[in-house]
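Chains as they are written, first to last, in this note's numbering: chain A, 7 to 361; chain B, 187 to 493; chain C, 2 to 324.
Think of the hints as simulated: they come from the structure by calculation, not from any bench. Accuracy of the hints is not assured; some may be wrong.
[Claimed, not checked] Partner residues are not named here, just some residues of chain A that face chain C (Cβ under 8 Å, in silico):
hint, residue
1, THR142
2, ALA266
3, GLY268
4, LYS272
5, ARG276
[To be verified] Computed far set for chain A versus chain B, every beta-carbon distance over 10 Å:
hint, residue
6, GLU127
7, TRP222
8, TYR352
Beta carbons: idealized from backbone N, C-alpha and C, even for Gly.
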Amino acid sequence: MSLIQDVAGSGGPDPVPGPPPLSRKEKGSRGLSPGASFALRKTGAALGTLFFVLVVNFFLFRFLPGDPIGMYTRGRNVPPEQLAALRAELDRPILEQFFTYLRNPFASTIDSAQFNRPVWELVTERIWPTLLLVGTAIVLASIIGVWIGIKAGWRRGKTFDKVSTGVTLTLYSMPEFWLGMILLIVFGVGAFGLPGMFPIGGISTPGMDTSSLAGWLDVAWHMVLPVTTLTLVYLAEYALVMRSSLVDEMDEEYLTTARAKGLMDKFVRRRHAVPNALLPTITLIFLNLGFTVSGAITVETVFSWPGLGLLSYEALRGPDVALLQAIFLLFSIGVVLANLVADLLYAVIDPRVRS
Amino acid sequence: MASDQQTPGRPLGRRAIARARRREAAARGWRQFRTHRGGMAGLGILVFFTLVALLAPVLFPPETISVTQATGELLAPPSGQYWLGTDDSGRSMLALLAWGARVSLTVGIAATLISMVIGTSVGIASGHYTGFGGATLQRLTDWVLVIPFLPLAIVLATVLGGGSTLTIIVVIGVTSWAGTARLIRAQTLSVEGRPYLERSRALGSGNWHQMTRHVLPNVFPLVLTNTTLTVAIAILSETTLSFLGLGDPLRPSWGSTLDQAFSNGAVSAGAWWYIGPPGLCVVLVVLSFTMMGRALEQIVNPRLGGH
Amino acid sequence: MAVLELEDVSVSYRSAEGPVPAVRGVSLSVDTGGSLGLAGESGSGKTTVTSTVLRLLPKSATVTGRVLLDGEDVLTMRWGRLRAVRWATASVVFQGAMHALNPVQRVGHQIAEPIRLHEKSVSEPTARARVGDLLEQVGLPARVAQSYPHQLSGGQKQRVMIAMALACGPRLIVADEPTTALDVMVQQQVLAVLAERVRDLGLAMVFISHDLSVLASACDELAVMYAGQVVEQGPADLVFDDAHHPYSRALGGAFPRIGDQRFRYAPSGLPGDPPFPGEAPSGCAFHPRCPVARDVCSTTDVELRPSGDRRWSSCLFAPEVGS
Numbered sequence: 007m008s009l010i011q012d013v014a015g016s017g018g019p020d021p022v023p024g025p026p027p028l029s030r031k032e033k034g035s036r037g038l039s040p041g042a043s044f045a046l047r048k049t050g051a052a053l054g055t056l057f058f059v060l061v062v063n064f065f066l067f068r069f070l071p072g073d074p075i076g077m078y079t080r081g082r083n084v085p086p087e088q089l090a091a092l093r094a095e096l097d098r099p100i101l102e103q104f105f106t107y108l109r110n111p112f113a114s115t116i117d118s119a120q121f122n123r124p125v126w127e128l129v130t131e132r133i134w135p136t137l138l139l140v141g142t143a144i145v146l147a148s149i150i151g152v153w154i155g156i157k158a159g160w161r162r163g164k165t166f167d168k169v170s171t172g173v174t175l176t177l178y179s180m181p182e183f184w185l186g187m188i189l190l191i192v193f194g195v196g197a198f199g200l201p202g203m204f205p206i207g208g209i210s211t212p213g214m215d216t217s218s219l220a221g222w223l224d225v226a227w228h229m230v231l232p233v234t235t236l237t238l239v240y241l242a243e244y245a246l247v248m249r250s251s252l253v254d255e256m257d258e259e260y261l262t263t264a265r266a267k268g269l270m271d272k273f274v275r276r277r278h279a280v281p282n283a284l285l286p287t288i289t290l291i292f293l294n295l296g297f298t299v300s301g302a303i304t305v306e307t308v309f310s311w312p313g314l315g316l317l318s319y320e321a322l323r324g325p326d327v328a329l330l331q332a333i334f335l336l337f338s339i340g341v342v343l344a345n346l347v348a349d350l351l352y353a354v355i356d357p358r359v360r361s
Numbered sequence: 187m188a189s190d191q192q193t194p195g196r197p198l199g200r201r202a203i204a205r206a207r208r209r210e211a212a213a214r215g216w217r218q219f220r221t222h223r224g225g226m227a228g229l230g231i232l233v234f235f236t237l238v239a240l241l242a243p244v245l246f247p248p249e250t251i252s253v254t255q256a257t258g259e260l261l262a263p264p265s266g267q268y269w270l271g272t273d274d275s276g277r278s279m280l281a282l283l284a285w286g287a288r289v290s291l292t293v294g295i296a297a298t299l300i301s302m303v304i305g306t307s308v309g310i311a312s313g314h315y316t317g318f319g320g321a322t323l324q325r326l327t328d329w330v331l332v333i334p335f336l337p338l339a340i341v342l343a344t345v346l347g348g349g350s351t352l353t354i355i356v357v358i359g360v361t362s363w364a365g366t367a368r369l370i371r372a373q374t375l376s377v378e379g380r381p382y383l384e385r386s387r388a389l390g391s392g393n394w395h396q397m398t399r400h401v402l403p404n405v406f407p408l409v410l411t412n413t414t415l416t417v418a419i420a421i422l423s424e425t426t427l428s429f430l431g432l433g434d435p436l437r438p439s440w441g442s443t444l445d446q447a448f449s450n451g452a453v454s455a456g457a458w459w460y461i462g463p464p465g466l467c468v469v470l471v472v473l474s475f476t477m478m479g480r481a482l483e484q485i486v487n488p489r490l491g492g493h
Numbered sequence: 002m003a004v005l006e007l008e009d010v011s012v013s014y015r016s017a018e019g020p021v022p023a024v025r026g027v028s029l030s031v032d033t034g035g036s037l038g039l040a041g042e043s044g045s046g047k048t049t050v051t052s053t054v055l056r057l058l059p060k061s062a063t064v065t066g067r068v069l070l071d072g073e074d075v076l077t078m079r080w081g082r083l084r085a086v087r088w089a090t091a092s093v094v095f096q097g098a099m100h101a102l103n104p105v106q107r108v109g110h111q112i113a114e115p116i117r118l119h120e121k122s123v124s125e126p127t128a129r130a131r132v133g134d135l136l137e138q139v140g141l142p143a144r145v146a147q148s149y150p151h152q153l154s155g156g157q158k159q160r161v162m163i164a165m166a167l168a169c170g171p172r173l174i175v176a177d178e179p180t181t182a183l184d185v186m187v188q189q190q191v192l193a194v195l196a197e198r199v200r201d202l203g204l205a206m207v208f209i210s211h212d213l214s215v216l217a218s219a220c221d222e223l224a225v226m227y228a229g230q231v232v233e234q235g236p237a238d239l240v241f242d243d244a245h246h247p248y249s250r251a252l253g254g255a256f257p258r259i260g261d262q263r264f265r266y267a268p269s270g271l272p273g274d275p276p277f278p279g280e281a282p283s284g285c286a287f288h289p290r291c292p293v294a295r296d297v298c299s300t301t302d303v304e305l306r307p308s309g310d311r312r313w314s315s316c317l318f319a320p321e322v323g324s
């Protein structure tokens, strides 16, 4: 866009005092404003991705080697009439099955082999613990990570920068579940003379009423170690991204302009450099939600946190194919939607994207 | 410079000149790399672990990591005989780690090779072909990029049959190429606009010739940098997938050792020697590749200096 | 009275190989209502000189000498005082067509920023009205205040930069290559706006450019820099038409004027490149590229000395060059 602007700007005499090219309508396709056509384009792309996910999710499992019935019903006694229904379902032409599936991907006709329950019932009740755990960790990690990134990037090469970059790179190289196990041994079980201070797993003490205040505190108590683990892993990424984004911004000339205006150093940072560096950071945080999902799966497993992550592990260990399919679909939809939100959000906060 | 000095007497062939120029570029890159402390430290760590991996069978005969022939006490803490203690089958942790280095490094490098071949081909092709084919490849790249890695990898591994090292290699390879493809595509687009490619087109060279002779050499430094960073991610992914029980039980990697430890109650037993060292090995190796990648990045793209 | 006076200003940058001198003993002055053009190739130190006026140099730079702004030495000011002087006493027109404007803030907000900063009592509506007024002064409609920089053309952005520089009613404007990135037609318009504003408001101006013809049309006085030193100074039209230093002559020749016979025959352009900072040759720094250099030029230290009425040149053969 800026290229077009430059060309238009240098193509002839300056179009002043005539109206400057402010009108947004001119450039949008089909009479839409650039903002709307941008949103439409991004939504279209997200829908495309969702369709791709559905295709993968459906056909991957239909091309399994061996008897699909055995795979779906592994290790459980199935009433003959249900088995017959399942066989009838799987014997239909594959495209017909696919269209039925497309009509409602969430209405799986096959139950979870492990839990003997409809998969979506299982999945939906496991969403909330995951949102609680991952959401808390993301909020904490983005606040701390961005703060570290700003401090390190603004004083590049100083002690804080060197130490924090070393620490964040190390955290970034760490399997998150390993960090979880280490925290669990040291602060949960107790090691090296330390007593066990935190619960070693689960979301609450059995028998505790989770609607009472004591119950809430109990959940919070159980959250400490898994949230710490995830926060440390996520914040490493956020700090690294924020730092390099700020470093990019610092070579920009508009910061010299701001200094020349007489702004104090901290206002140059707060009003100009940091807001501009935050834009790419926010998008990257959203775009990397897939990475966040990985952390949820393994860390929930380590801390027996009854969310989607632990459910994935249980489904994988089965393997409970119907359940795996549902979880994969849910995670993918979540990440695709988060990406869409990131794109739209970026357009709202960065005027350059809209036009 | 070097090619000039080699020319007394007879003129060099075109290939020899190209070779000399490439050798000179490599030497210059190495000189710059050597001044990068983080990169050199990474290289040092990597050389150490490579030696350990190569020498594992000599240092620790295969029977030391066999569950049935293990001689140690079960879950014994570090001692004079077993420097890093034993696992829950009485195997020496040190031996397990050394053998684990073989699996982790092999998987990391093999998976990266697959990923780089797919990523580079898709990236160059989608940047080179402007029509429907290129657009489709670009769309595919975007799709794969968005799908969360671990759920996809779990699903793929289940379909291909878990419990084998080959499965893990393939799964990581085919799920991690999209980032590379996008990077290479962008670079290809910028190379495509340069005059020598216009000239090559005007002289009637084919697509294959343009892509392999002009685009590939130009994106190669980027491929090299990206390879190093991808190995780091691949090793981390291997650890995660093995931890989830998808690894080969007969060839324990660091990840499957952690799976063993976790599944057999090492955490509640407080057996820190069973859990700490494998993870530390992962951190060190991943960190070494990351630091080398950052050093290479600075050499390839000096504008990034200090990022 | 002089608004800006530079007395024997030298700047060097720290580097791994020791200090690198970028500016060596420059003395200049600009009176109220006066305008000084600073010419030279890139790397000649002209931007470094002007960056000392508001102390905008990076931390790696060491400045010696005195930079008097309204009689007060900028180099020894405390930070608080320096911030108060910045933009209120002297402001800068950066190359706004490039990246000197914040890309994600509306330009009106950016113009109002120094007003709010330096005049705390100004109310929001007043500030907005002043922004609109400033934009109209540079020939832009007031509604441009609502635009983002990327929505404007190069010439419009440069006008916005000028409006911004005028925001706090400074006594001195430093224009750092304000027209370089623009094409010729737009260049003329922007130049006209800037010159008119400076004249009407009775401001002093320092104008940096590598284009002698632009400087000659915009300024009264001209100083030509080479390798960190002023090599010639004098009334703008005289320096342009009848240079007393071979370097000024070459610089003028690099921008031929159509229709002027002299430019058709005189060899324009120079062989070689200017020296890297810190690697200036002995004697006259220009001698390796000079078409009229003699042996003595490489051994004799040169300095600016009178070469005519209100004119100075550092060339050992200045009178001969001039005739």
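Do the hints match the structure? See the list:
1. THR142: Check failed: Cβ of A/THR142 comes no nearer than 30 Å to chain C, outside 8 Å.
2. ALA266: holds (5 Å)
3. GLY268: holds (4 Å)
4. LYS272: violated (12 Å)
5. ARG276: With a closest approach of 13 Å, the A/ARG276 hint is violated.
6. GLU127: holds (20 Å)
7. TRP222: Consistent with the label, A/TRP222 stays out of reach of chain B, its closest Cβ about 27 Å off (over 10 Å).
8. TYR352: holds (15 Å)
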